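So you can see what is in the structure, the chains are spelled out below.
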Amino acid sequence: MQNYGVYVPRLVTKKENFAPGHRACIGCGEALAVRLACKALGQNVIIASATGCMEIVSSPLPTTSWKVPWIHTLFENTAAVASGIESGLKMLMKKGRIAQQDITVVAMAGDGGTSDIGLQALSGAMERGHNFVYLCFDNEAYMNTGIQRSSSTPYGASTTTSPAGKVSIGQVSWKKNMPAIAAAHNIPYVATACPSYPFDLMDKVEKAAATPGPAYVHILSVCPTGWRCPVDLSVKLGRLAVETGIFPLYEVENGQYKLNFDFPRLKPVTAYMKLQGRFRHLSEDIIEKIQQRVTTDYAELKERAVEG
Amino acid sequence: MAERVGIEVSVAIGDAARLANVDVIAAYPITPQTHIVEHLAELVANGELDAAYIPVESEHSAMSACLGSAAAGARTFTATAGQGLELMHEVLYVASSMRFPVVMTVANRALSSPLSVWGDHSDVMAVRDTGWIQIFTENGQEVVDHVFCAFRIAEDNKVLLPVMIHLDGFHLSHVIEPITFPEQSKVDKFLPPNSYPLPLHPDRPVTMGDFAPPIIYPEAKWAQEVNLRASKETILKCWQEFADIFGHRYSPVESYHGEKAKTLLLTMGSFSETAMTAIDKMRGKGKDVGLVRLRLWRPFPFEEFRRAVAGAETLIVVDRALSFGGPGGPVCSEVKAALYGEAKKPKVVSFVAGIGGRDISPSDFETIVNKGIKISEKGSPNEFEIFGVRE
Chain A
1 MQNYGVYVPR
11 LVTKKENFAP
21 GHRACIGCGE
31 ALAVRLACKA
41 LGQNVIIASA
51 TGCMEIVSSP
61 LPTTSWKVPW
71 IHTLFENTAA
81 VASGIESGLK
91 MLMKKGRIAQ
101 QDITVVAMAG
111 DGGTSDIGLQ
121 ALSGAMERGH
131 NFVYLCFDNE
141 AYMNTGIQRS
151 SSTPYGASTT
161 TSPAGKVSIG
171 QVSWKKNMPA
181 IAAAHNIPYV
191 ATACPSYPFD
201 LMDKVEKAAA
211 TPGPAYVHIL
221 SVCPTGWRCP
231 VDLSVKLGRL
241 AVETGIFPLY
251 EVENGQYKLN
261 FDFPRLKPVT
271 AYMKLQGRFR
281 HLSEDIIEKI
291 QQRVTTDYAE
301 LKERAVEG
Chain B
309 MAERVGIEVS
319 VAIGDAARLA
329 NVDVIAAYPI
339 TPQTHIVEHL
349 AELVANGELD
359 AAYIPVESEH
369 SAMSACLGSA
379 AAGARTFTAT
389 AGQGLELMHE
399 VLYVASSMRF
409 PVVMTVANRA
419 LSSPLSVWGD
429 HSDVMAVRDT
439 GWIQIFTENG
449 QEVVDHVFCA
459 FRIAEDNKVL
469 LPVMIHLDGF
479 HLSHVIEPIT
489 FPEQSKVDKF
499 LPPNSYPLPL
509 HPDRPVTMGD
519 FAPPIIYPEA
529 KWAQEVNLRA
539 SKETILKCWQ
549 EFADIFGHRY
559 SPVESYHGEK
569 AKTLLLTMGS
579 FSETAMTAID
589 KMRGKGKDVG
599 LVRLRLWRPF
609 PFEEFRRAVA
619 GAETLIVVDR
629 ALSFGGPGGP
639 VCSEVKAALY
649 GEAKKPKVVS
659 FVAGIGGRDI
669 SPSDFETIVN
679 KGIKISEKGS
689 PNEFEIFGVR
699 E
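Residue numbers (our numbering), protein chains in the order written: chain A, 1 to 308; chain B, 309 to 699.
By construction, these hints were calculated from the structure, which means they are not laboratory data.
Please read all numbers here as calculations on a predicted model, not as lab measurements.
Check before you lean on any hint, since a few could be wrong.
Said to hold, decoys possible - With beta-carbon atoms standing in for the labels, derived distance ranges:
no.: 1; chain 1: B; residue 1: F519; chain 2: A; residue 2: V167; range: 45 to 53 Å
no.: 2; chain 1: A; residue 1: R97; chain 2: B; residue 2: E541; range: 57 to 65 Å
no.: 3; chain 1: A; residue 1: P163; chain 2: B; residue 2: P422; range: 34 to 42 Å
no.: 4; chain 1: B; residue 1: P422; chain 2: A; residue 2: G165; range: 53 to 61 Å
no.: 5; chain 1: A; residue 1: E253; chain 2: B; residue 2: K497; range: 27 to 35 Å
no.: 6; chain 1: B; residue 1: N465; chain 2: A; residue 2: K95; range: 14 to 22 Å
no.: 7; chain 1: B; residue 1: N465; chain 2: A; residue 2: N254; range: 44 to 52 Å
no.: 8; chain 1: A; residue 1: V167; chain 2: B; residue 2: S688; range: 53 to 61 Å
no.: 9; chain 1: A; residue 1: A299; chain 2: B; residue 2: Y525; range: 37 to 45 Å
no.: 10; chain 1: B; residue 1: E346; chain 2: A; residue 2: K236; range: 50 to 58 Å
no.: 11; chain 1: A; residue 1: K14; chain 2: B; residue 2: E346; range: 46 to 54 Å
Beta carbons: idealized from backbone N, C-alpha and C, even for Gly.
Start from the sequences, fold in the hints, and give me the full structure.
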């Protein structure tokens, strides 16, 4: 048992289905998250990807990073495409045109492709109950197009379309609670994850794949380029997001909330925010406002988890 | 035995899709297309059609789900109209560019605003350049026949392109017509199971829908253009075989007393049958007029079209859509472009008529022809005439 920490990583497959050589930025937390998710998903998978960073870095013609079947069509329709794949496979198997086989259909998108432009298609696919996994890789802005704010951008963050200025603190709205929206569809499995907790992430993706019906995993993906932080801090920042309570790791299984990592005392939000240029301009009272909101939200989540 | 029944055209389309043994239908309700997908939902609910019916939350998702289903290798069908077709717009390009053999019936409808649920070709013309094969139909039998032909053409591995079957909203979608349905065995023989060459499957991983830097994009698009043009050969072969088996003959451009006529009228869609009545009447009065109907809208049948109008002095094109601020109706612009390089060509006159479901009667067509001849002789200060509009 004392070698647990050494032994467990050895159990993880060495096979990379998201191959190296792609063109993600140095220190990209999202590429790390995709890589881990692909390890968890294994071979029997079909991935539908939205337009975004991961699509653009992985598939410049005539090359590909994908060792599993992968399709990209548009930005906002990934969940709908996945629902078509799932239905198509189901019918082809039913009619005996392809062999009966357990194939996980996965939709992948960023926070813009999920919480903004793709929300309708996602809501529809979850409501209809397709058997698929939706992975949202949340780097908290439109990073692919150059760091524009999304509804998933945190309060106070400076982006190119919510710039901090003489009369603006940057993003003036609070981060949209996408996991709660997914959970409100009464789907069987919702979880949050972060590649800074790789085994937890892989466990959750595996669990999502094994869930019959829709499953949603919201993955915080640190973006050094957009968050304006040193590239070697990706993993650390992911940990701090969790340890400060800003991005708690939890699951909602059939409506039951479960907090996966609880901390007797949360680190102050400044521990997380001070390392990032996007929050550099914030005054103490704004940071205090954010601290209060995080404390309240975390307490509410914890209460719900206890109740659950 | 083939069965001839009186049936609403929309319902007949659903029955044709059943005979075509579709695997997946993803659709969203919109007038005047709703009866098609209602009937399909009913067939699935009653176990008469073994298909997945995806009741999507928008037309954008309808076509997107069709992409996924077709990519998995399933026979995929949908229907839409008007605003729904416009909401699909960007997805239509993806369907053709990624070579997905989706078949869609479009109950042609006017576009907002003001809101109009009635028929015209504004929706079609807005998606002209999406890379789909587009076929116009004039009556219920033609629509039913083309459900089979469309899948046969779309899924042909030399083609692999989506096909739109256009039928006029209400004027055709909602009428009850006598329609002959072929026997299942004959349909099965004519339409073998879909064999998409590289479906999404873990046994043979493929990457679909890459992004193309400038160094490769033009080549990808040129390949698509070559492919769409080349599809005409397969379309012609399909129609020939269809005629041999089922006895109904179709051509890219169809002529009605048009071979030697001095004045030609050009129409598309269900209008054409009304125009035929007008032509009969005028010919009865000794007028030297004929009719040319464009069936194949994309790929545009240049040769057949030029041949069909070669002997005429005047060609009067009746569009059912406006091209705001443009050179005339959209079909007329195409026709003019197709004739521009010809040494001997008819004078082309542009009319727009019947937009937003405004009825055009045989006598209206007579008026259009008479007016058209006058314009052709004396010229007109206008790029086009909009028929019967109160100014």
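Hint numbers not upheld by this structure, sorted from lowest to highest: Hints 1, 2, 4, 5 and 9 contradicted; others consistent.
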